[in-house]
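Engineer: What follows is the residue order along each chain.
Number of protein chains: 2
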Amino acid sequence: MNTALRLAVLPLLTVLLATPVGAQTRRATPEPDLERTAAQLRDRAATDATAYEFVEGLTTEIGPRQAGTPAERRAAEWAAARMRRLGFDRVSIEEFPLAAWVRGEEEAVILGANPQRVELDALGGSSSTPPGGIEAEVVIFDTLEALQAAPAGSLRGRIAMVNRRMTRTQTGQGYGPVSAGRSGGPRAAAQAGAVAFLLRSAGTDSHRFAHTGATAYPEGRQPIPSAAVSNPDADQIERLARRGPVRMRLVLNSTLQTASRSQNVVAEIRGRERPDEVVLLGCHLDSWDQGTGAIDDAAGCAIVTGAAKLIADLPRNPRRTIRVVLFGAEEVSQPGGQGLSGARFHAARADAPNIVLAAESDFGAGPIYSVQLPAAAAGTEFARAFSRVILPTGALFDASPATGSGPDIGPLIAAHRTPPAELQQDGTDYFDFHHTPDDTLDKIKPEALRQNVAVWAAFAWMAAESGFDFRGAPAPTPTR
Amino acid sequence: MNTALRLAVLPLLTVLLATPVGAQTRRATPEPDLERTAAQLRDRAATDATAYEFVEGLTTEIGPRQAGTPAERRAAEWAAARMRRLGFDRVSIEEFPLAAWVRGEEEAVILGANPQRVELDALGGSSSTPPGGIEAEVVIFDTLEALQAAPAGSLRGRIAMVNRRMTRTQTGQGYGPVSAGRSGGPRAAAQAGAVAFLLRSAGTDSHRFAHTGATAYPEGRQPIPSAAVSNPDADQIERLARRGPVRMRLVLNSTLQTASRSQNVVAEIRGRERPDEVVLLGCHLDSWDQGTGAIDDAAGCAIVTGAAKLIADLPRNPRRTIRVVLFGAEEVSQPGGQGLSGARFHAARADAPNIVLAAESDFGAGPIYSVQLPAAAAGTEFARAFSRVILPTGALFDASPATGSGPDIGPLIAAHRTPPAELQQDGTDYFDFHHTPDDTLDKIKPEALRQNVAVWAAFAWMAAESGFDFRGAPAPTPTR
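Chains as they are written, first to last, in this note's numbering: chain E, 1169 to 1648; chain V, 1169 to 1648.
Worth double-checking, as some hints may not be accurate.
The list cannot tell twin chains apart, which means a pair is met if one copy fits it or any two copies do.
Below, simulated EDC-like cross-link-like pairs (lysine to aspartate or glutamate); rule was C-alpha separation at most 20 angstroms, straight line [unchecked claim]:
hint	residue 1	residue 2
1	K1613	E1406
2	K1613	D1403
3	K1613	D1211
4	K1613	E1262
5	K1613	E1221
6	K1613	E1224
7	K1613	E1303
Since the hints were made in silico from the structure, they are not lab data.
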């Protein structure tokens, strides 16, 4: 959510909080126990070590766990064992096929009068350079659109580079325009005849780490070798290009292992009254290959696991089932252009239509600043009670309906119109580390992690214990 | 200078400033033109682009320039050409022999149940691992002293790691204890029988860059392969070691090129009355091999060159000669245990005894917060005038005598008792980037660079134009 929107929500929130409890219940009667227990869970999160122990354990004992590799498999077994120990009722691993792209040798140098090495990393799906590498001149484009406008053949024998800078924001909305360059750049460069594609890293830092990431590759792999350049190196290429032509040698090797497997880890707290109604809490277990995937997304898995564990520790289970899904292979595009293999596999399960609400945590470990629920909740006692519970954590209830922007619940929404909720985290520094070797445990603040658990625990409990129908039509605007 | 000392200096400074001009001149009569011109130079620095253009040009066009390599030679030629263009009277390159240590293949992995890569870089002077690398268990020591206390043979077949954390300070004084571990660790580890040495990086950051650096190696090269581990990786090894034995495989290859050459670049503004009296402004031109050496030490060379250039632009030269020396090979130890080959070569010149004052800039591009002059200047009108000139830049005059802690003027002080001055920079973030691939131009704030030039220009002008005898005895404490 952007800041302007957040400010617009504040007066509305004030009105909601000022409305007497029970005055406008319409869809759900006030449930004092529901709210009281939610507040208890919220407060217990302040001293519960489950989430930090999860993220510490996963990033330390497994480390990097790229989709389709033995490390991802070890991570799934590690997580399943941990979740059994935490007291979930049912824990299973669901496996699916995957084409795994694996990085090989990478080297880049600027040739000529100013010889020096360039720090880069191949993008997911990159093809390999021919033996001996590529030598070619770099042509810089300010945006993907400018590259797409290059006439066919105009970049023959050149390396095309998109040099768009990312804007730092709380919401992460600076990411869209630069990640579009990552997804679409290789294809556009190839269509104009380029022999390779370079991207200024989709990141807000100025450290010498390239930010890797998936690309869209309809034909199986990218037509040309494609890599992200660290931001200081992109600056360097830009400065040298002002002085004259920049010629580079690139060696990028990688393999596509088409017969790999990946897996989701599924752990449930079975509903005591309505076990077939499922509240799904998601995250992804795989990471990129060079960091230990602490913020992306061990943190998210730690948060949803830590929240569910607080609920599992209650004297009795909630009415509905809570299902934590640690998705596999979130970071990977697949030949044919589709990605999210784990999410699509789960959305194709026979019981997927039973999921009454879905939310995911996949934006690091920054504190939650606002929460959006499905449209049906707007103006209801459920929403008012929820907003009261989370306010002490610093998270605001945002009355605009959740749209479900997270990747791994996308296939559920698309296939089953599953109602989504969104717990919005402060991502101001998320893209300093995202998809780099620097995504490690030290980037997580334990206090912010606990705040996330507090909000998620209250959210999951209320969604699972209440009978509220999140698929229902929005309530009419109350008359005041 | 530490903060406590700086606070102690403030009252003294107030007394100095309150003393009427000319009241206690003893050694130097008031020279209104001297001070007026110094103030003009200081103010011109605010709009002069020389220093930034120097650091931008050197780091962009040459990039990394490790001592003894062709890149360092190119840097010297680049700098000499630049200094001729800037209007120095005499520019020369003085060459000397060097044994150049050059990094090769580097790989480190943790073996066993938690397999993962470790980010490290060999330390200067490291020997190579045998073919196929080394596999051994890591033994962690909190300090160098603890490692030194390990009995002979007690580490046979092990990898010794010193895990001391560096403290962040303005002055950089946290560096001494950790760099001592770097210098002395390899030898101590070998003496206890270890097959390799690892150091938690001597750096204040938490990014996945190892901080390399020179080691002391009396026998030509280190007896064992030696490397720095990035701070997040040191954390990881520490966490894994709490769970059980940590076994690693190390591959570290490097070469010692004993017949290399390095060079100093020497540029002078000839004194109009006393050309044989030399005020020396130093920095070093070489850098470590992975960053572009922006803060270490292109910034220092840019600062002293930019300051001298403002003086070269005056209608007439100062009385004494100003000599800018861009030292070569500052970062390199040499077989036999000595380093600073460029500095020692210069200190052995026939005219070195003529150097009446020496100072160097080698601590990044942070602003100068205080300046110390030789003991002879304490309590003099020269010091009072100087303190008045620099105060508007935010730099304070520190009445305690300079000791000459910079590396490249050390040999001059040792051989000729050359009086030193110290222009103390804020190094709070210097060790976030020092000796890493991340030492690049983007880490320099142009405004702070200009402040340095302002102080250095005023300093160099006053030292060269005044007849003040910096070798003289300290003035008696004034009676008040």
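Engineer: Determine for every hint whether it applies to the structure shown.
Structural biologist: Verification of the supplied hints:
1. K1613 x E1406: Answer is between: at 19 angstroms across copies they meet the 20 angstroms cutoff, but 35 angstroms inside does not.
2. K1613 x D1403: between (31 angstroms within a copy, 15 angstroms between copies)
3. K1613 x D1211: Answer is within: at 18 angstroms inside a copy they meet the 20 angstroms cutoff, but 44 angstroms across does not.
4. K1613 x E1262: Neither. Shortest intra-copy (32 angstroms) and inter-copy (52 angstroms) distances fail the 20 angstroms Cα cut-off.
5. K1613 x E1221: within (13 angstroms within a copy, 40 angstroms between copies)
6. K1613 x E1224: within (12 angstroms within a copy, 36 angstroms between copies)
7. K1613 x E1303: Neither way: K1613 and E1303 sit 44 angstroms apart in one copy and 35 angstroms across, limit 20 angstroms.
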